[in-house]
Amino acid sequence: MNIDTMLETVIDNLNDGIAVSNESKIDPELGYPYATGYSRASMTEAVNDLVTILDQYRTLMIENNQ
1 MNIDTMLETV IDNLNDGIAV SNESKIDPEL GYPYATGYSR ASMTEAVNDL VTILDQYRTL
61 MIENNQ
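Counting from 1, one number per residue, gives the positions in the sequence shown under the numbering used here.
If you are wondering where the hints come from, they were derived from the structure by calculation, not from laboratory data.
Cβ atoms here follow ideal geometry from the backbone N, Cα and C, with glycine treated the same way.
Among the hints, a few may not be true.
[Said to hold, decoys possible] Cβ pair distances, simulated, as ranges:
{"id": "1", "residue 1": "Q66", "residue 2": "D12", "range": "29 to 37 Å"}
{"id": "2", "residue 1": "G31", "residue 2": "E63", "range": "47 to 55 Å"}
{"id": "3", "residue 1": "G31", "residue 2": "V51", "range": "38 to 46 Å"}
{"id": "4", "residue 1": "P33", "residue 2": "M61", "range": "36 to 44 Å"}
{"id": "5", "residue 1": "L7", "residue 2": "N64", "range": "28 to 36 Å"}
{"id": "6", "residue 1": "N65", "residue 2": "D27", "range": "26 to 34 Å"}
{"id": "7", "residue 1": "M1", "residue 2": "I26", "range": "28 to 36 Å"}
Full structure from sequences and hints, please.
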């Protein structure tokens, strides 16, 4: 997967987290605990993905500068 696609995936996952947070205000079945857990998972996944993207980017920069 290329870096652009990976960044798009991070954005999509974070947007899903935002949507779940907004929907949890309306749906009593979801509520605050569900939104909190989903948001935490979305942010954790985003951090992990961004670390991977940064590592790949740095590797590309090193390869291009040699």
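Comparing the hints with the structure gives:
1. Take Q66 and D12: their Cβ atoms lie about 34 Å apart, and the range 29 to 37 Å holds.
2. Distance hint check for G31 and E63: the Cβ-Cβ separation is about 48 Å, which falls inside the suggested range of 47 to 55 Å.
3. Between G31 and V51 the beta carbons are some 31 Å apart, a value that contradicts the proposed interval 38 to 46 Å.
4. At about 42 Å, the beta-carbon gap between P33 and M61 stays in the expected band of 36 to 44 Å.
5. Separation of L7 from N64 is about 19 Å and departs from the stated range, judged on CB atoms against 28 to 36 Å.
6. Checked against the hint of 26 to 34 Å, the pair N65 and D27 fails, with Cβ atoms roughly 51 Å apart.
7. For M1 and I26, the hinted distance range of 28 to 36 Å is satisfied, since their beta carbons lie about 34 Å from each other.
Hint compliance for this structure: hints 3, 5 and 6 are not met, and every other hint is.
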